[in-house]
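Chain A is already provided as a structure; the job is to place chains B, C, D and E with the ligands on it using the hints.
Residue-level listing of the chains:
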Amino acid sequence: NTPSESGSTRGVVLVFAAASLKEALDEQVAQFQTAHAQRVRVSYAGSNALAKQIESGAPAAVFVSADEDWMDYLASKRLTADGTRRALLGNELVLIAPAAAKDAASATLSTIDFANHERAKSLISAALGTGRFAMADPRAVPAGKYAQAALRALGLWDSVATRVANTDNVRSALAFVARGEAPLGIVYRTDAMAEPRVRIVARIPTSTHPPIIYSAAIISENDTATARALLTYLASRAAEPVWRKHGFIAK
Amino acid sequence: MIDVDIEKSFPARRGEADASSRRIVAKFKSDARIIALFGKSGSGKTTIVNAIAGLVTPDRGRIAIDHEVLFDSSGALNRSVESRGIGYVFQDGLLFPHLTVKQNLLYGANRAFAGRSSVPVEQVTELLGIDKLLSRASPTLSGGEKQRVAIGRALLSNPRVLLMDEPLASLDAARRAETLRLIERVRDELGVRIIYVSHSIGEVTRLADDVAILNEGHVIACDHTETIFNRADLRPFTGRYEGGALIEATAVAHDHEYFLTRFSFEGGDVVAPGLEVPLGSRVRLRIRARDVTLATERPRGISIRNILTGSIVSMDDRGGAIVEVIVRIGSRDMPSRISRQSRDELQLTTGQQVYLLVKAIAFDKRSMGYTA
Amino acid sequence: MIDVDIEKSFPARRGEADASSRRIVAKFKSDARIIALFGKSGSGKTTIVNAIAGLVTPDRGRIAIDHEVLFDSSGALNRSVESRGIGYVFQDGLLFPHLTVKQNLLYGANRAFAGRSSVPVEQVTELLGIDKLLSRASPTLSGGEKQRVAIGRALLSNPRVLLMDEPLASLDAARRAETLRLIERVRDELGVRIIYVSHSIGEVTRLADDVAILNEGHVIACDHTETIFNRADLRPFTGRYEGGALIEATAVAHDHEYFLTRFSFEGGDVVAPGLEVPLGSRVRLRIRARDVTLATERPRGISIRNILTGSIVSMDDRGGAIVEVIVRIGSRDMPSRISRQSRDELQLTTGQQVYLLVKAIAFDKRSMGYTA
Amino acid sequence: MLTAEEIEIVSLSLRVAMASVILSAPLALACAYLLARTDFFGKSVFDALLHLPLVLPPVVIGYALLLLFGTQGPMGRLLNDGFGITFAFRWTGAALAAAVMGFPLMVRAMRLSLEAVSPKLEMAARTLGASRIRVFLTITLPLALPGVVVGLLLAFARSLGEFGATITFVSNIPGETQTLPLAIYGLTQTPGGDAAILRLCAISVALSLISLIASEWIARRMQTRAQLSGGGALA
Amino acid sequence: MLTAEEIEIVSLSLRVAMASVILSAPLALACAYLLARTDFFGKSVFDALLHLPLVLPPVVIGYALLLLFGTQGPMGRLLNDGFGITFAFRWTGAALAAAVMGFPLMVRAMRLSLEAVSPKLEMAARTLGASRIRVFLTITLPLALPGVVVGLLLAFARSLGEFGATITFVSNIPGETQTLPLAIYGLTQTPGGDAAILRLCAISVALSLISLIASEWIARRMQTRAQLSGGGALA
Ligand SMILES: Nc1ncnc2c1ncn2[C@@H]1O[C@H](COP(=O)(O)OP(=O)(O)OP(=O)(O)O)[C@@H](O)[C@H]1O
Ligand SMILES: Nc1ncnc2c1ncn2[C@@H]1O[C@H](COP(=O)(O)OP(=O)(O)OP(=O)(O)O)[C@@H](O)[C@H]1O
Ligand SMILES: [Mg+2]
Ligand SMILES: [Mg+2]
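Residue numbers (my numbering), protein chains in the order written: chain A, 1 to 251; chain B, 252 to 623; chain C, 624 to 995; chain D, 996 to 1230; chain E, 1231 to 1465.
Here chain A stands alone, though its shape is the one from the complex (with noise of 0.2 Å):
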């Protein structure tokens, strides 16, 4: 039993997706199941746990990265199917608070205008106070390197810096600032629009950060029809509207 057997014999479609696509993806693959009469499963991890995992011959057939990096490693090592990478989806990055808080730091800071540099810097360390800043590790984790690189751009990355809550993952850093540990962080757009307790403060600028992209491909090892066909589905218009409920920016 070769792993490429294993993924097509049964007839199951595998893809591997970065762990922040869950609900988005598996309404995706719902609707694609109904309409082809296919089965798809989704193993949702850490992007480069699953690159890792591709390349000891996992038998997933399709991949979808939550950054480029990973897509590269795959792709330096021959593990892509030529021609089928693509950027599937964009996101944003958002400073978000706790809904709840109440105190004038907070109430003033949904006035920050990054452009004002100085008074942007005051706004955020006076918000902060004595808290932690609640972001993804920029070591480990792409949401944690986009928002570095957009915190290093708009000159406040060393203003945080010291104050930086690093999680293993958005959705960590969303919870701290959801209960009110943290009084700031910055997370995805998407995860700041499904978490009601928290509230967007500013988007970041775009032109800050590497732009943000899941990138998609087939594995060359478990190319199949129906692999490809889900891949097309995915960046299809049909598929827009999904992707947009859930926040992100269809490519």
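Far from chain B by the CB rule (all over 10 Å, computed), these chain E residues:
{"hint": "1", "residue": "Met-1231"}
{"hint": "2", "residue": "Thr-1233"}
{"hint": "3", "residue": "Ser-1241"}
{"hint": "4", "residue": "Lys-1273"}
{"hint": "5", "residue": "Met-1305"}
{"hint": "6", "residue": "Trp-1321"}
{"hint": "7", "residue": "Phe-1366"}
{"hint": "8", "residue": "Asp-1424"}
{"hint": "9", "residue": "Ala-1425"}
{"hint": "10", "residue": "Ile-1433"}
{"hint": "11", "residue": "Ala-1449"}
A partial selection of chain B residues facing chain C, derived with a Cβ cut-off under 10 Å:
{"hint": "12", "residue": "Gly-380"}
{"hint": "13", "residue": "Leu-392"}
{"hint": "14", "residue": "Arg-594"}
{"hint": "15", "residue": "Glu-596"}
{"hint": "16", "residue": "Ala-611"}
It should be emphasised that the hints constitute simulated quantities derived from the structure, not laboratory data.
Being a predicted model, the structure only gives us computed values, none of them experimental.
Even for Gly, the Cβ is constructed at its ideal location relative to N, Cα and C.
Same frame as chain A, but now just chains B, C, D and E with the ligands:
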């Protein structure tokens, strides 16, 4: 005063034959300083001692010592083990394996009861011959060494009542004799009440003032040691071969030349190896039936010291080699065990006058218990 | 043939006083069927027995049984415990706590050695009085019950050699007698060699053909039981109060009317309670010095059956109440223990002719061991 | 009561946990015995290696498993080619991960109990002619049983909770490797998944309660039969 | 040999692990004693609750800790206002997380050993006048010491490896809450971080080896003094 009236059942468990259930019923009362529990293996001795110590909770009943109630099922009273003031020499030693001999010995030594003095540690260890073992880890001791440490540990804990469950079982004769002396000293000098479990008639008659006889879980008799061992109906329990009379006698003279002591009792006088007791002391002498010789004429030129006269009360002829002849001396009945052939040759008959001969050294010091 | 020549040291460990180090040196050889190890507590008996079983590895030396070497430090030979064919009744029982009595008894029962038959299980359990306990969990047994199960377990394992470490220590007299009979049957019917550790002279003289005397870790003597117990220089180790003569005699007549048996030895004849042995059997009789009475004229009208004549060889007068008088009967020396006062009154002197009186019933059946 | 999906997850989790316990029990017992009763060169290092799954982050263990037992890994290839056993991305792999993570716990509990069995009793059994192996099976093991049961229980519970090594080694494939913790993880990544998380947590708790009560029951049954701590004439 | 950063990580990890063990030991011992020697209503449920940290995914435990002991959580507020103790984003929180995760292991090992101590010996001590508490301290505890040491060791090792609950509860703050596993985690996410991962893993292994040897040493010292399994006249 020890007052025990308890019941305890060990019902057969699942998977056990019914025959294995056992009920212990013990009702006895005694104000002896040393009371012995005597009975066959499995008759319930350890269970009773455990109940007194508080290690086994009787199903119902009452235990009191010196009018202090330790357990009473009707009053729902059950004093905690540690507050009972009881020292216990366990049948199986139960030394603390992680402590040295010394630490074992001193474990209970700081328990103090008001106005109670204790034996010095050095004396106990020396008398028990464990003074060289003090720094040893207790699991490396030999069987007898363990038993001696267990005795020392209980003695040093300053108990008001001492429970001893076959404390001398694995000791050699010499050590046994020394330990018996130690136990007597504890009784006399510290006034500790002792409940003593033993299979050895010698130990029991020497030490115990009262004896409770157990049989198949029941206390069937409890009385003065003398009475118990002179009761014919208890012979099956006190041991066929060990029969004899126990007499309480008064020391009337010491012979310092020959190291003999003369004792007087209602049936006459006897001499025995010298016992260092004040004149007038009451001493318990055991005369074993097998040590008694009968004669129809007063013998001469013989090394036997004690010649008493009496009349034959009865002869218990069970048809074997041996006949037990009971001779009344004064108002006391003394059994003598002779061969049936002798009886026939001497033509002994009930009511006949006979001489009853007992060697002086038949009373060995080790089995003489003095009681005051 | 048992041939032991070993050394084992237990050096004092860190934290222990040097006094606690102990060296066991054992060299003895015997082809007795029952050999007893006799010595004070802590003298090294259990260590030797453990070495024979293979549970303790001697520092150097050699152990062989019937010319089969079990251990040899020079040849670096050390047979495994289970292949030695040795049954062991441990001093501390060591029943398997998770098994019932029956499971304990049968644990070794399927060990079979070529051409060896075993005692039936039912007989063993009945004789030991544990037939009603078979389904019981072993930790709920009383002390004596545990010991009996341990004996049964070892007997049923079909051993070629049986090691018994104080097997009767916590049994009552009646049970002890029955168990002794069982041990004799095992010896005779199954031809099992037995190494027997005991503090009781009675048990040892009854059972053992040879005795090894231990003192402070050293085997100081090993010889026929009779020789050992008649050797005056060993008296300090064989016990002052238990002194006596051991004579081997031949059964020459049974008196079926009076249930007596007449035995003959070089010094004369004695009668004793009937022993069911074929005429001509050799029997070991023990005559305790305390049971021997001396007389200067032949007594009459007395219940004593055995009157021997001899001449006084020596009198050991240590100045106390008691004098030990050694009387030569034929070529045998028999000790008699009388009071010093008697000696003086009878004016006994060395060389004098005396009568030596012993009651027939002084030989009790329980202590008579027959050897063929 | 449970949705079809939940039933699938629970049954998979149980299968994984059972398999992991059964897979590792004999080896764990052997290791425990070696450590408890023998002395050999490098024992400390061996012991330390056994504890690695406890000390290292689960992700690292998962990653190491991937490198060793993945289809490209040396062991993985050997087992696949030689015996047709595949761990990669199969529930068997989840079981392997769980077994590895629970191994130190199992060994320790068993060892603790084995060490508490008196060598004297083993010696007594050998004087009755029992071979070492019979002594182990009839004396040592039954007496160490409480610890053995605890070892199995701990490993089972640990299996039910195992997350990091599993997701790193065999990914999170519904119906194949998605055990309870992995399913819970998926839900934590979903906004508003709290109710579903609580349901799954409740299921985990119920499973652990059941396995715990079962193990206590087994241990108690054994113990009444065995009278281990032996109240004896005292109790 | 070690970089300044590594030293910081190691010393923090040790501090967290020590604190977690010291924090939980008395409570664990109390729980173990309760479970081993007493019977009370709801004992099974209590026991099951103790096992939760083993059965539930670490993330869930971390989240639960956040809910309870965060600055906004009821316990967190109580402790902060009442005693000035803060767990959130502090190394103390990492220690709390590690303590909770190691707790079932500690309790189980201790309980196993306590159950193996013969009640007869405790009884013997009480006949010598020792109160229950003295019996516990001088008889039960010393005799159960091997298991107590094993319990501490397991919890210590588990602390060194704890990842999921820690990062969820107190996040990953270098110098404050970034223990070894958290540092390793960061590296696993970076392509090409393998060399650094191996270094940190090697450090973890070294720490576990040391703690293991230390615990064996302690246990052996205690045991030679204690002669627990008692070779006695046999050995
Ligand atoms: N492991 C050990 N370490 C130190 N000394 C020991 C060890 N084992 C035995 N001994 C000592 O060796 C001596 C002989 O012990 P052994 O058990 O053979 O005596 P024993 O003759 O059987 O005594 P008992 O009749 O009391 O059982 C004792 O003094 C004992 O304390
Ligand atoms: N827990 C128990 N369950 C069942 N039976 C028991 C239990 N404990 C004791 N027994 C039984 O009760 C009886 C009395 O036991 P106990 O220990 O009191 O005897 P003992 O007189 O001390 O005997 P020994 O002289 O042999 O020590 C024995 O038959 C024993 O088997
Ligand atoms: Mg008893
Ligand atoms: Mg011994």
